[in-house]
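All chains, full assembly: derive it from the sequences and hints.
2 protein chains.
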Amino acid sequence: MAKSEGIPAPAVRRLSLYLRHLENSQGRNRATVSSRELSRAVGVTDAQVRKDLAYFGQFGHPGIGYRVDDLVARMREILGADKVRSVVLIGAGNLGKALMSYRGFRKKNFNLIAVFDNDPQKVGEPAADAVCDRIQSLDKLEAVVRKHEVKLAILAVPASAAQVIAERLATAGVRGILNFAPVILQTRPGVTTSTVDLAVQLEQLSFLVTTGQTGDDRDGDGLN
Amino acid sequence: MAKSEGIPAPAVRRLSLYLRHLENSQGRNRATVSSRELSRAVGVTDAQVRKDLAYFGQFGHPGIGYRVDDLVARMREILGADKVRSVVLIGAGNLGKALMSYRGFRKKNFNLIAVFDNDPQKVGEPAADAVCDRIQSLDKLEAVVRKHEVKLAILAVPASAAQVIAERLATAGVRGILNFAPVILQTRPGVTTSTVDLAVQLEQLSFLVTTGQTGDDRDGDGLN
Numbered sequence: 004m005a006k007s008e009g010i011p012a013p014a015v016r017r018l019s020l021y022l023r024h025l026e027n028s029q030g031r032n033r034a035t036v037s038s039r040e041l042s043r044a045v046g047v048t049d050a051q052v053r054k055d056l057a058y059f060g061q062f063g064h065p066g067i068g069y070r071v072d073d074l075v076a077r078m079r080e081i082l083g084a085d086k087v088r089s090v091v092l093i094g095a096g097n098l099g100k101a102l103m104s105y106r107g108f109r110k111k112n113f114n115l116i117a118v119f120d121n122d123p124q125k126v127g128e129p130a131a132d133a134v135c136d137r138i139q140s141l142d143k144l145e146a147v148v149r150k151h152e153v154k155l156a157i158l159a160v161p162a163s164a165a166q167v168i169a170e171r172l173a174t175a176g177v178r179g180i181l182n183f184a185p186v187i188l189q190t191r192p193g194v195t196t197s198t199v200d201l202a203v204q205l206e207q208l209s210f211l212v213t214t215g216q217t218g219d220d221r222d223g224d225g226l227n
Numbered sequence: 004m005a006k007s008e009g010i011p012a013p014a015v016r017r018l019s020l021y022l023r024h025l026e027n028s029q030g031r032n033r034a035t036v037s038s039r040e041l042s043r044a045v046g047v048t049d050a051q052v053r054k055d056l057a058y059f060g061q062f063g064h065p066g067i068g069y070r071v072d073d074l075v076a077r078m079r080e081i082l083g084a085d086k087v088r089s090v091v092l093i094g095a096g097n098l099g100k101a102l103m104s105y106r107g108f109r110k111k112n113f114n115l116i117a118v119f120d121n122d123p124q125k126v127g128e129p130a131a132d133a134v135c136d137r138i139q140s141l142d143k144l145e146a147v148v149r150k151h152e153v154k155l156a157i158l159a160v161p162a163s164a165a166q167v168i169a170e171r172l173a174t175a176g177v178r179g180i181l182n183f184a185p186v187i188l189q190t191r192p193g194v195t196t197s198t199v200d201l202a203v204q205l206e207q208l209s210f211l212v213t214t215g216q217t218g219d220d221r222d223g224d225g226l227n
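The listed protein sequences correspond, in order, to chains A and B.
In short: position in the first sequence from 1, add 3, done, that's the working numbering.
In short: position in the second sequence from 1, add 3, done, that's the working numbering.
Simulated from the structure, these hints should not be mistaken for lab results.
Careful, some of the hints might be misleading.
What the hints assert, rightly or not - Taking lysine-lysine pairs in the DSS-like style, the calculated list, with each CA pair at most 25 Å apart, reads:
id	chain 1	residue 1	chain 2	residue 2
1	B	Lys111	B	Lys86
2	A	Lys143	A	Lys125
3	B	Lys154	B	Lys111
4	B	Lys54	A	Lys54
5	B	Lys125	A	Lys125
As structure tokens, then:
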């Protein structure tokens, strides 16, 4: 039985690392992988791998391992990674501009449909690769979110504005907010926020240097 | 015996999560924490906690747990988090500008000493909170890195420029590179690079939404 609800956040983080390793294995035409191989790739014990993957049902076969194609398809389906997901971006300052021209979102099946800012000087400026190719007034936020049933938003606004906008997003139906403002958002039931702290990335790099790690640690997952 | 070298990257990631939980416990005047509490906070098994913390020597006391003050001091010392570390930033485009005004680095004892760009139009412009308060020509990179013995750099340049600049940084003595360019850097022995993929952050948020997680997942560590 797959339990797709209530998977702990750290397990979800690992699932995305397992998925990446499995997709790489698929690219190399591997039919099966062992829990031991996955445990080494993600840096946890074998038992942890088996526990984590049990969230997706029982796919391990004794003496064979996990069937790569089956597990990838099931994970992508449960995680929603097989569908295009619409995203809105709020804030067209330096970070917002960097995010709106970021090509990596499209590669992972995210579609940036609109960019909003409350600065009248910015409204109407080009919005890089967004579907609506001009920055829109923040007044239009709810209408666009509701019309396109957007569930995901990226907040790149000053700390002082973040909480109010998060509440407006939640009321309009957004379920997940990726927050770059240096503030912990108060959320309501049914809404997930994820606050990105860029200094933590630098801290972890510094730790890797201090502890004698070398090589390229893409996203800190130790897969490279 | 503490083994400060060769700690696997995923363990280092967890160490920074343990450290944050321990610092929070310290703030609440807790004298000890159990491996069970740490395991819940970071989302791994008890055994994994004990294995990870063994890198810092034996601090667990049967029936008591880990002494918070001792463990925090030892971790901060081994991880170098007790010292101010100098950082240079290369690239003053949208992302570079967002990073140079980012206040979180200073809070974690990182000191942004200089910002470089190869665009003559940008050289001489203000560099926000950096110690050298003007953007400098990329020609000056090696001289500044060597003079100040800088070990950490942040790369916010186009993909096409990243590899060449990474090599220049390594030759000048940099040991850790936080790379925002969408390219895996080839490194040499003794140099660690960490490539940040912003789309992965959005992907993990989307997974949390899909799997029914709510609340604020600061840095995806599930501590909030």
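Each hint tested on the structure:
Only pairs whose Cα atoms come within 25 Å are accepted, and Lys111(B) paired with Lys86(B) is accepted, the gap being roughly 10 Å. For the hint pairing Lys143(A) with Lys125(A), the CA-to-CA distance comes to about 14 Å; that is within 25 Å, so the pair holds. For the hint linking Lys154(B) to Lys111(B), the alpha-carbon distance of about 16 Å falls within 25 Å, and the restraint holds. Note on Lys54(B) and Lys54(A): the hinted pairing holds, with a Cα-Cα distance of about 18 Å set against a maximum of 25 Å.
Restraint check for Lys125(B) and Lys125(A): satisfied, since their Cα atoms lie roughly 21 Å apart, inside the 25 Å limit.
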